[in-house]
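Just so you know, the sequences run in chain order A and B. Counted from 1, the first sequence has number 131 at position 16 by our numbering; the numbering is strictly sequential. Counted from 1, the second sequence has number 156 at position 41 by our numbering; the numbering is strictly sequential.
Hints are not guaranteed to be accurate.
Repeated chains share a single entry, so a pair holds when one copy, or any two copies, can fit it.
[To be verified] Below 25 Å or equal to it, Euclidean Cα-Cα: the simulated DSS-like pairs (lysine-lysine) are: (1) K193 x K136; (2) K198 x K132; (3) K171 x K198; (4) K132 x K189; (5) K193 x K139; (6) K132 x K177; (7) K142 x K189; (8) K193 x K171; (9) K143 x K171; (10) K198 x K142; (11) K189 x K131; (12) K193 x K143; (13) K132 x K175; (14) K143 x K131; (15) K198 x K131; (16) K142 x K193; (17) K198 x K177.
Hints in this document: simulated from the structure, not taken from any laboratory.
Number of protein chains: 2
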Amino acid sequence: MYVILVYDIVVDDEGKKILPKVFKCCKKYLSHIQNSVFEGDMTPSQMMALRMELQKWIRKDKDSLIVFSSRDQKWLQKEFWGKEEDRTSRFL
Amino acid sequence: MYVILVYDIVVDDEGKKILPKVFKCCKKYLSHIQNSVFEGDMTPSQMMALRMELQKWIRKDKDSLIVFSSRDQKWLQKEFWGKEEDRTSRFL
Numbered sequence: 116m117y118v119i120l121v122y123d124i125v126v127d128d129e130g131k132k133i134l135p136k137v138f139k140c141c142k143k144y145l146s147h148i149q150n151s152v153f154e155g156d157m158t159p160s161q162m163m164a165l166r167m168e169l170q171k172w173i174r175k176d177k178d179s180l181i182v183f184s185s186r187d188q189k190w191l192q193k194e195f196w197g198k199e200e201d202r203t204s205r206f207l
Numbered sequence: 116m117y118v119i120l121v122y123d124i125v126v127d128d129e130g131k132k133i134l135p136k137v138f139k140c141c142k143k144y145l146s147h148i149q150n151s152v153f154e155g156d157m158t159p160s161q162m163m164a165l166r167m168e169l170q171k172w173i174r175k176d177k178d179s180l181i182v183f184s185s186r187d188q189k190w191l192q193k194e195f196w197g198k199e200e201d202r203t204s205r206f207l
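Construct the complete structure from the given sequences, taking the supplied hints into account.
Structure follows, in structure tokens:
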């Protein structure tokens with residue numbers, strides 16, 4: 116399934132340490148397309164694995180992490196209204 | 116059509132002024148669901164109007180604004196892996 120993941124980690128002292136961990140978890144399964152936005156194809160089991168990994172870091176009382184998913188990428192159009200996709204960031 | 120809009124404005128001196136303008140444009144048509152993420156239903160003409168308004172502010176060389184759209188919300192699942200949706204933020 117095709118996934119868009121957006122997060123917003125509260126940058127307090129703990130949050131500063133959490134941020135790179137969350138980034139790394141997401142980067143393992145998805146492509147980084149904007150500051151705190153990832154997208155990509157995942158199987159349901161990969162999605163479950165990512166969720167488990169993120170649960171170690173995300174604080175349910177303050178951090179937001181929203182996952183939009185569509186069965187197929189074809190149901191989803193993507194447009195860039197600002198600068199175009201930076202393809203090099205996919206290899207960070 | 117159902118839309119997810121994510122932006123990342125570079126916060127330099129100009130960006131600081133742009134940020135509230137972009138927020139206000141998006142808020143006019145969509146619901147604010149996370150720091151720089153909006154979602155909602157829009158007609159193609161509303162989408163065109165929003166794009167025109169945002170073009171006044173978004174700097175094509177540095178700011179990123181990505182719009183995902185699906186013909187129908189039913190093709191898109193939404194899950195909260197962090198804190199639950201803050202419904203009050205819809206009325207900001």
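First find the shortest C-alpha distance between K198 and K132 inside one copy, then the shortest across copies, and answer within, between, both or neither for a cut-off of 25 Å.
-> Between copies only: 18 Å across chains, 29 Å inside a chain, cut-off 25 Å.
Using 25 Å as the alpha carbon limit, work out where K198 and K177 are close: within a copy, between copies, both or neither.
-> Intra 30 Å, inter 6 Å, cutoff 25 Å: inter-copy only.
Is it within, between, both or neither when you check K189 against K131 at 25 Å Cα-Cα?
-> Neither, since 36 Å and 36 Å both go past 25 Å.
At 25 Å max between alpha carbons, let me know whether K132 reaches K177 within a copy, between copies, both or neither.
-> within (15 Å within a copy, 27 Å between copies)
Could you figure out if K142 and K193 sit no more than 25 Å apart (CA to CA) within one copy, between two copies, both or neither?
-> Classified as both: same-chain Cα gap 20 Å, cross-chain 20 Å, threshold 25 Å.
Evaluate K193 and K139 at a C-alpha cut-off of 25 Å and name the case that applies: within, between, both or neither.
-> Both. Shortest intra-copy (24 Å) and inter-copy (22 Å) distances satisfy the 25 Å Cα cut-off.
Within, between, both or neither, where K198 and K131 count as close if Cα-Cα is 25 Å or less = So K198 and K131 pass the 25 Å test across copies only (18 Å; inside, 27 Å).
Which holds for K171 with K198 at a C-alpha limit of 25 Å: within a copy, between copies, both or neither?
-> So K171 and K198 pass the 25 Å test across copies only (14 Å; inside, 34 Å).
For the identical chains here, do K143 and K171 meet the 25 Å Cα criterion within one copy, between copies, both, or neither?
-> Within one copy, since 15 Å is at most 25 Å while 36 Å is not.
Indicate which option fits the pair K193, K143 if close means a Cα-Cα distance not exceeding 25 Å: within, between, both or neither.
-> both (22 Å within a copy, 21 Å between copies)
Please work out whether the CA atoms of K198 and K142 approach to 25 Å or closer within one copy, between two copies, in both situations, or in neither?
-> both (21 Å within a copy, 21 Å between copies)
Intra- versus inter-subunit Cα pairing at 25 Å for K132 with K189 = This pair counts as neither: shortest intra-copy Cα distance 36 Å, inter-copy 36 Å.
Of the numbered hints listed earlier, those contradicted by the structure are 4, 11.
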